[in-house]
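Protein chains: 2
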Amino acid sequence: MAAFPFQVTATDGAARTGLLSTPRGEIRTPAFMPVGTAGTVKALTVDQVAETGADIILGNTYHLMLRPTAERVARLGGLHKFMRWEKPILTDSGGFQVMSLGKISKVSEEAVTFQSHIDGSRHALSPERSMQIQADLLGADIVMQLDELVGLPTTEARAAEAMRRSARWAERCKAAFGQRDTQDLFGIQQGGQSEALRRESAERLIEIGFDGYAVGGLAVGEGHAGMVEVLDYAPAMLPADRPRYLMGVGKPLDIVEAAARGIDMFDCVLPTRSGRHGQAWTWEGAINLKNARFAEDESPLDASIPVAASSAYSKAYLHHLVKADEILGQVLLSWHNLAFFQALMAEIRAAIAEGRLAALRRRVAAGAAAASDSAA
Amino acid sequence: MAAFPFQVTATDGAARTGLLSTPRGEIRTPAFMPVGTAGTVKALTVDQVAETGADIILGNTYHLMLRPTAERVARLGGLHKFMRWEKPILTDSGGFQVMSLGKISKVSEEAVTFQSHIDGSRHALSPERSMQIQADLLGADIVMQLDELVGLPTTEARAAEAMRRSARWAERCKAAFGQRDTQDLFGIQQGGQSEALRRESAERLIEIGFDGYAVGGLAVGEGHAGMVEVLDYAPAMLPADRPRYLMGVGKPLDIVEAAARGIDMFDCVLPTRSGRHGQAWTWEGAINLKNARFAEDESPLDASIPVAASSAYSKAYLHHLVKADEILGQVLLSWHNLAFFQALMAEIRAAIAEGRLAALRRRVAAGAAAASDSAA
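Top to bottom, those sequences are chains A and B.
For the first sequence, the positions run -8 to 367 when this note's numbering is used.
For the second sequence, the positions run -8 to 367 when this note's numbering is used.
Only chain A is shown next, with the shape it has when bound in the complex (with noise of 0.2 Å):
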């Protein structure tokens, strides 16, 4: 019977370190998930990804169930067969897509009607169906519970609401579930802004009992300081014993502060996003490749880090295919931007290890400053 055993290696501080084992192998935390939203990782093969040292990747349900349908991946084998994963795979439930692309058509207590953004067909995505299609159809590793999302700005009254059909949803999802011998199935806490109403999502998704806790309803333009605010008491409500997952985070600051406040998963297209745009990420934060002062830059972006697109390729060459607007431009920067969140987790992981994960927080936070001074 799954869940998946989580074994805290080490701490620093609020900070934790540890090994998530699924049957299709490790997971190292904190970890970052690349997104593979449509079945890819956006402009690079699995290989690619493999290299950047990904241990899972992040599946969208919305994306999948409606092309190329969940019907037909599983008909294809699955998920990970379909699009050559065999590492684990985690998938969202589709709410969050649902509500940012889909134009919806109802939200009710049963389910959300919502009309494709491809084709305008209409669909429906119920607690059972999102099971359905994750853990059935897809199969993914880690399932997420389906959940109501309010956007920014809200109230507490509309946060409260949609917290309670969310934890009523979340049982709904443990029911249809059921007892599953390799995939997990994790609950996300809602609430907003609020320490009494994450309390009370916490302490009812405790009651139905989930195999890891995400922090759900963050990264949704309530900014930094707004979401370190509500990361200095929400994990602490998620058990210790089980994975916590901080959904669709983010840059390396918000990444390295939400780890010290205890959190070991994250996921984000910005890495990959940004690299279809001409920008890499780095030590000392985001830079530009279209800047002219790359034009002549011998240096790679990371010697570092042993992937070609950031120890191999030159500034000035990636500065040339970014001008030039060539599809390897776009193929390199995403794969270095990869490389590079994996290379951040990997310090966080050996920093907290070796209790200097302060001293790295101090180095995160001075690269996003140079980089907001050099974009300024």
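Watch out, some of these pointers could steer you wrong.
Some chain B residues judged to face chain A by a derived CB distance under 8 Å, without partners named [as the list claims (entries may be wrong)]: (1) Arg66; (2) Glu287; (3) Tyr304; (4) Ala307; (5) Ile318.
Estimated spans, in silico, between C-beta atoms of each pair [claimed, not checked]: (6) B:Gly16 with A:Lys281: 29 to 39 Å; (7) B:Asn282 with A:Gly68: 20 to 30 Å; (8) B:Ala(-6) with A:Ser302: 29 to 39 Å; (9) B:Pro297 with A:Arg347: 37 to 47 Å; (10) B:Glu289 with A:Ala356: 45 to 55 Å; (11) B:Arg264 with A:Glu194: 55 to 65 Å; (12) B:Asn282 with A:Arg15: 24 to 34 Å; (13) A:Ala337 with B:Thr0: 48 to 58 Å; (14) B:Pro297 with A:Ser91: 36 to 46 Å; (15) B:Leu92 with A:Arg347: 53 to 63 Å.
Hints listed in this document are in silico derivations from the structure and should not be mistaken for laboratory results.
Owing to the predicted nature of the structure, the values given are computational and were not obtained by experimental measurement.
Where is the CB? At the ideal position from N, CA and C, for every residue including glycine.
Knowing the structure of chain A, use the given hints to seat chain B on it.
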């Protein structure tokens, strides 16, 4: 003193297979050169290109002289270092793209003056400038003379005029190129569809003396039959002991028929361009992955080709990527197509060595016919 050693190891009729040995590596002939237009074989890393079995790639003088400029490439250590391709590079003269992409201001005996298609800036390309760019600044292993092309339809008088100007430019290129230890210079036969002009062109080039000889002015709209008609006599006019290069060709059927007539080298954007548009080349001709018949086809494009794009990903997955307009679809199909073209060349070389080229020609012709049937 170059010319590079060229050893013909077997013949089958007019066809020959052999080795052209350059300081940067051996080129197995007949050879197909992927086109790396603007310092990148579009959408692919150089490691992916190398994995297809390519011994040499082509770089475009026109694109590189405009962006990032040949002088910048030189300051960055030359084209090989700039783009991380350590094996041989052949550069074209720039003449073809000046005429097809640039806005011509004037073609005089001295030079072609034109405006950049990128930013409208004015440039001149003379035989001497082309040699400087290719040999000194980009550092190509094989340098092409500047020639003058005429589009179709044309007249014999116009074809004669362009051929004779090309011959005079050949002489100036040879003088400007001088004597070099590690670089070869190829002349280009012109003369359109006229056997007499082709003979005059060949005689003039041989008198000047080149390290290799290209058949130019084909693949400009004359069609397969028109091309084969010229190839029935043109290659035989060029020295048998030096490589013969058919520029800008082509489809598998064009290639095998040209090889049968004594051509040793080819280049074409077709595999990468087709790949970016959802098309895959196979022994059964070109197929369009967007076609619904591939939606649940679990077979790979070609299980016998070792690169992942050919043998590891399913057609169903490629269909999904193309439908979803994912960059990875363009990457994988470009990669497969280049690998298929290299497999085709390997098969042509083996067939020549084993005296069975006639059977291979029938096989490729059947594939081309099957594809045009299924397209109809």
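Structure-based check of each hint:
Taken as an interface hint, Arg66 (chain B) checks out: its beta carbon lies about 6 Å from the nearest beta carbon of chain A, inside 8 Å. A hinted interface residue such as Glu287 (chain B) counts as satisfied when its beta carbon comes closer than 8 Å to some beta carbon of chain A; here the least separation is about 6 Å, so the hint holds. The interface hint given for Tyr304 (chain B) holds, since its Cβ lies 6 Å from the closest Cβ of chain A, which is under the 8 Å cut-off. A hinted interface residue such as Ala307 (chain B) counts as satisfied when its beta carbon comes closer than 8 Å to some beta carbon of chain A; here the least separation is about 5 Å, so the hint holds.
The closest approach between the C-beta of Ile318 (chain B) and any C-beta of chain A is roughly 4 Å, which is under the 8 Å cut-off, so the hint is satisfied. The hinted window of 29 to 39 Å between Gly16 (chain B) and Lys281 (chain A) holds, with their beta carbons roughly 34 Å apart. About 21 Å separates the C-beta atoms of Asn282 (chain B) and Gly68 (chain A), a value consistent with the hinted range of 20 to 30 Å. Range check, Ala(-6) (chain B) to Ser302 (chain A): about 37 Å between beta-carbon atoms, so the 29 to 39 Å window is met.
For the pair Pro297 (chain B) and Arg347 (chain A), the beta carbons lie near 45 Å from each other, so the given range of 37 to 47 Å is met. Distance hint check: the CB atoms of Glu289 (chain B) and Ala356 (chain A) are about 49 Å apart, consistent with the given range 45 to 55 Å. A hinted range of 55 to 65 Å for the beta carbons of Arg264 (chain B) and Glu194 (chain A) is consistent with their spacing of about 59 Å. With their beta carbons about 33 Å apart, Asn282 (chain B) and Arg15 (chain A) fall inside the hinted range of 24 to 34 Å.
Hint check: Ala337 (chain A) to Thr0 (chain B), Cβ distance near 51 Å, so the stated range 48 to 58 Å holds. Range check, Pro297 (chain B) to Ser91 (chain A): about 41 Å between beta-carbon atoms, so the 36 to 46 Å window is met. Under the hint 53 to 63 Å, the C-beta atoms of Leu92 (chain B) and Arg347 (chain A), about 56 Å apart, fit the expected range.
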